[in-house]
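J.: With chain Z's structure known, arrange chain Y on it following the hints.
Sequence lines, in order, name chains Z and Y. Numbering of the first sequence is given in my numbering, commencing with residue 3 and proceeding in unit increments. Numbering of the second sequence is given in my numbering, commencing with residue 3 and proceeding in unit increments.
Some clues are possibly wrong.
Part of the chain Z face toward chain Y, derived, beta carbon under 10 Å [claimed, not checked]:
no. : residue
1   : Val16
2   : Arg42
3   : Lys45
4   : Glu128
5   : Val135
6   : Leu159
7   : Gln212
8   : Ile270
9   : Val279
10  : Arg284
11  : Gly288
12  : Ile323
13  : Arg363
Chain Z is faced by these chain Y residues, among others (derived, beta-carbon under 8 Å) [as the list claims (entries may be wrong)]:
no. : residue
14  : Asn122
15  : Gly155
16  : Ile270
17  : Glu311
18  : His312
19  : Met314
20  : Ser316
21  : Leu342
22  : Leu366
It is worth saying that the hints were derived from the structure and are not from the lab. The beta-carbon is built from N, C-alpha and C at its ideal position, and this holds for glycine as well.
Number of protein chains: 2
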Amino acid sequence: MTEQSSVLTPFAAVDTPALLLDASALKANLERMAAFFARRHCKLRPHFKSHKCTAIAKLQMQAGAVGITCAKLGEAEVVADAGIRNILIANQIVGPLKIRRLVELCRRADPMVAVDSAENVRMLSEHASAAGVKIGVLVEVDVGMGRCGVVPGQPALDLARLVAASAGLRFEGLQGYEGHCVDLRDETERVAQTRESLKALVQSRRLIEQAGLRVNRVSGGGTGTYTITGDCDGVDEVQAGSYAAMDWWYGDIRPEFKQAMSILTIVISRPRPNLVVIDVGRKGVGAEWGPPRVKNLPGSAVASFGSEEHTMLSIPPDSAIRIGDRLEIIPSHGCTTSNLYAEFIVHENGVVTDKWPIEGRGKLQ
Amino acid sequence: MTEQSSVLTPFAAVDTPALLLDASALKANLERMAAFFARRHCKLRPHFKSHKCTAIAKLQMQAGAVGITCAKLGEAEVVADAGIRNILIANQIVGPLKIRRLVELCRRADPMVAVDSAENVRMLSEHASAAGVKIGVLVEVDVGMGRCGVVPGQPALDLARLVAASAGLRFEGLQGYEGHCVDLRDETERVAQTRESLKALVQSRRLIEQAGLRVNRVSGGGTGTYTITGDCDGVDEVQAGSYAAMDWWYGDIRPEFKQAMSILTIVISRPRPNLVVIDVGRKGVGAEWGPPRVKNLPGSAVASFGSEEHTMLSIPPDSAIRIGDRLEIIPSHGCTTSNLYAEFIVHENGVVTDKWPIEGRGKLQ
Numbered sequence: 003m004t005e006q007s008s009v010l011t012p013f014a015a016v017d018t019p020a021l022l023l024d025a026s027a028l029k030a031n032l033e034r035m036a037a038f039f040a041r042r043h044c045k046l047r048p049h050f051k052s053h054k055c056t057a058i059a060k061l062q063m064q065a066g067a068v069g070i071t072c073a074k075l076g077e078a079e080v081v082a083d084a085g086i087r088n089i090l091i092a093n094q095i096v097g098p099l100k101i102r103r104l105v106e107l108c109r110r111a112d113p114m115v116a117v118d119s120a121e122n123v124r125m126l127s128e129h130a131s132a133a134g135v136k137i138g139v140l141v142e143v144d145v146g147m148g149r150c151g152v153v154p155g156q157p158a159l160d161l162a163r164l165v166a167a168s169a170g171l172r173f174e175g176l177q178g179y180e181g182h183c184v185d186l187r188d189e190t191e192r193v194a195q196t197r198e199s200l201k202a203l204v205q206s207r208r209l210i211e212q213a214g215l216r217v218n219r220v221s222g223g224g225t226g227t228y229t230i231t232g233d234c235d236g237v238d239e240v241q242a243g244s245y246a247a248m249d250w251w252y253g254d255i256r257p258e259f260k261q262a263m264s265i266l267t268i269v270i271s272r273p274r275p276n277l278v279v280i281d282v283g284r285k286g287v288g289a290e291w292g293p294p295r296v297k298n299l300p301g302s303a304v305a306s307f308g309s310e311e312h313t314m315l316s317i318p319p320d321s322a323i324r325i326g327d328r329l330e331i332i333p334s335h336g337c338t339t340s341n342l343y344a345e346f347i348v349h350e351n352g353v354v355t356d357k358w359p360i361e362g363r364g365k366l367q
Numbered sequence: 003m004t005e006q007s008s009v010l011t012p013f014a015a016v017d018t019p020a021l022l023l024d025a026s027a028l029k030a031n032l033e034r035m036a037a038f039f040a041r042r043h044c045k046l047r048p049h050f051k052s053h054k055c056t057a058i059a060k061l062q063m064q065a066g067a068v069g070i071t072c073a074k075l076g077e078a079e080v081v082a083d084a085g086i087r088n089i090l091i092a093n094q095i096v097g098p099l100k101i102r103r104l105v106e107l108c109r110r111a112d113p114m115v116a117v118d119s120a121e122n123v124r125m126l127s128e129h130a131s132a133a134g135v136k137i138g139v140l141v142e143v144d145v146g147m148g149r150c151g152v153v154p155g156q157p158a159l160d161l162a163r164l165v166a167a168s169a170g171l172r173f174e175g176l177q178g179y180e181g182h183c184v185d186l187r188d189e190t191e192r193v194a195q196t197r198e199s200l201k202a203l204v205q206s207r208r209l210i211e212q213a214g215l216r217v218n219r220v221s222g223g224g225t226g227t228y229t230i231t232g233d234c235d236g237v238d239e240v241q242a243g244s245y246a247a248m249d250w251w252y253g254d255i256r257p258e259f260k261q262a263m264s265i266l267t268i269v270i271s272r273p274r275p276n277l278v279v280i281d282v283g284r285k286g287v288g289a290e291w292g293p294p295r296v297k298n299l300p301g302s303a304v305a306s307f308g309s310e311e312h313t314m315l316s317i318p319p320d321s322a323i324r325i326g327d328r329l330e331i332i333p334s335h336g337c338t339t340s341n342l343y344a345e346f347i348v349h350e351n352g353v354v355t356d357k358w359p360i361e362g363r364g365k366l367q
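If we strip away everything but chain Z, and leave its shape as in the complex, we get:
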């Protein structure tokens, strides 16, 4: 055990904390998800918010994705900069400052946005008309999450008609995100609640089609529900994101995907035989679903966060780990973790092969 240091330090030239990305694990995840959708009507529109990295988005497009999902207009702009045109911004774009940027984006990409109010529809259409562009629009339906979205059924039809009648807009279809289902840990419950949510979404689709409007796409889902949503008649696209780089939370419910993302960290203190302190805390670990897990230190466990810059790990008192040893941790949530780093350190079996900028980091606007 005295040579444990060397076992724990394959990234000697990489300073800590750093966000690592295992290229082989990423490749396996992209291939696995692509294979799932290759045999189906429903297609994959990977969510950029999970990794925020255009190098990964391009690999996802090469693997057969129909387009990219973004959370923010600023993300869509960096995705368009990378040469990807088919972009869904799965949120409401509100206010003149952002709508002007959206109109500009229409000149170099084909963005779609979600809407859930007549006010927003009117303002989008006014700006698009004035600029001579058409913005693709999905009506967002609240399928039970209780966040944004209109009530399923007649309200969805009413808003779809308003979109279709708006000069600057192109009615594309519906969006419904079963966000209250994606993280249900019990699979039976996840399947049952997801199907119930999708029923309301697909019924809204049928109602709109019966009214004579063409529905090009119904988009929803995530890594937690892709097997259910991807097999649902009437759903055309799944917005899964976490499957690519993963985190331990989704790893527990989706063990078919590998942990590609980890955080390299260094032991800065061993104040007691059964405790070490590492050099990353809440400032470098997305942790709203729990503290990180240790990847390569048998017998250890995260004791607690020590504020923004520290995490405390309980270890066996006879552990050979020393100050200066480096180890990897897996965050509970990859989407908030990728927001905290400027780049992924890409590696193959511990050998650094590349650095990929996280262009979507901090794109709050």
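T.: Structure of chain Y alone, referenced to chain Z:
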């Protein structure tokens, strides 16, 4: 109430979400804290981690601070870039990559670091000796927080002696951070526990002095304890940070400081009469001490986070607030919030006067 929009939108040219800084409130906070320390032996060494902005650090130095506290070497480098030489990095700097950078920093600033192990002391000294520089060192004592630090008393003296005998190091004194006390909401308990913690720290100081070593400084404390730590005989510096920009958590226990930091956000959805959704969530709000509070919308309350990009606010059903209205929220924790933005939008009474880059954002290394 129909003109509520204009009341809520004094920052018409600022896109959302944005991090605002009220210049008058900041000034009042800096002056108030400076006045407290002006009459005392103990001096202020403001913590950079709270705002991460060199414009604020310079104002703190102008207001009488003896130097700046940083959490990370990367923060110390940007503080040195701003022309401030007296910098304490209040954590352990471990590993050859960082120690080499620390040695480089010694050529353009006078950094001090905390140590809590003989291994770290030896490695720091070796690198400093080889480069012909001297690194100032504080021995960190665990005063009850249970994170880093040696046990008070003899272990502190032993490590102090090792530092003093190390060719590349300059023994400066002790650091003890009562992090388990700063956020105790009950003031009586906060005072009692802080005094108990400081007793161990000051006794260690006396022991080291009796052994013939000169103690130039004992540094500790924070915004939650500055009145206690700042009046403790044997403590020379207080590392308060949150007092400058504040957050609601510290506001509740330190009402003498004003809320200078807020987040400007826009209403993107009103799915039900009693609910609005705003365009910032966990990706833009430091929230480990609870969800944000709404600053300027009477009768409203944060219902819950809606993941990374949304926060849901419950409102009175007859509220006149509309989609596109803008409002300000106060985060529970300013230190993690400032890490999520590239700049502060500085304003006086709602009129934007400046933009200050947050150079310390993302300085994880």
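J.: Once the shortest beta carbon distance from Gly155(Y) to chain Z is found, is it less than 8 Å?
T.: violated, 14 Å
J.: Does Gly288(Z) hold up as a contact with chain Y if the rule is Cβ-Cβ below 10 Å?
T.: holds, 8 Å
J.: Does Leu159(Z) pass the interface check with chain Y, least Cβ-Cβ distance below 10 Å?
T.: With a minimum Cβ separation of about 17 Å from chain Y (threshold 10 Å), the hint on Leu159(Z) is violated.
J.: Please check whether Val16(Z) passes as an interface residue: C-beta within 10 Å of a C-beta belonging to chain Y.
T.: holds, 8 Å
J.: Holds or violated: is the Cβ of Arg284(Z) closer than 10 Å to a Cβ in chain Y?
T.: holds, 6 Å
J.: Tell me if the interface restraint on Glu128(Z) is satisfied: Cβ within less than 10 Å of some Cβ in chain Y.
T.: violated, 13 Å
J.: Can you verify the interface hint for Ile270(Y): is its Cβ closer than 8 Å to any Cβ in chain Z?
T.: holds, 4 Å
J.: Would the hint on Val135(Z) be counted as holding, given a Cβ-Cβ threshold of 10 Å to chain Y?
T.: violated, 20 Å
J.: Are Ser316(Y) and chain Z close enough, Cβ to Cβ, to be under 8 Å, as the hint says?
T.: Violated: closest Cβ of chain Z sits about 12 Å from Ser316(Y), beyond 8 Å.
J.: Once the shortest beta carbon distance from Ile323(Z) to chain Y is found, is it less than 10 Å?
T.: At about 12 Å, which exceeds the 10 Å cut-off, the nearest Cβ of chain Y leaves the hint on Ile323(Z) violated.
J.: Using Cβ atoms only, decide whether Gln212(Z) comes closer than 10 Å to chain Y, and label the hint accordingly.
T.: Violated: closest Cβ of chain Y sits about 25 Å from Gln212(Z), beyond 10 Å.
J.: Per the CB criterion, is Asn122(Y) less than 8 Å away from chain Z?
T.: holds, 6 Å
Against the hints set out earlier in the document, violations occur for numbers 2, 3, 4, 5, 6, 7, 12, 15, 20.
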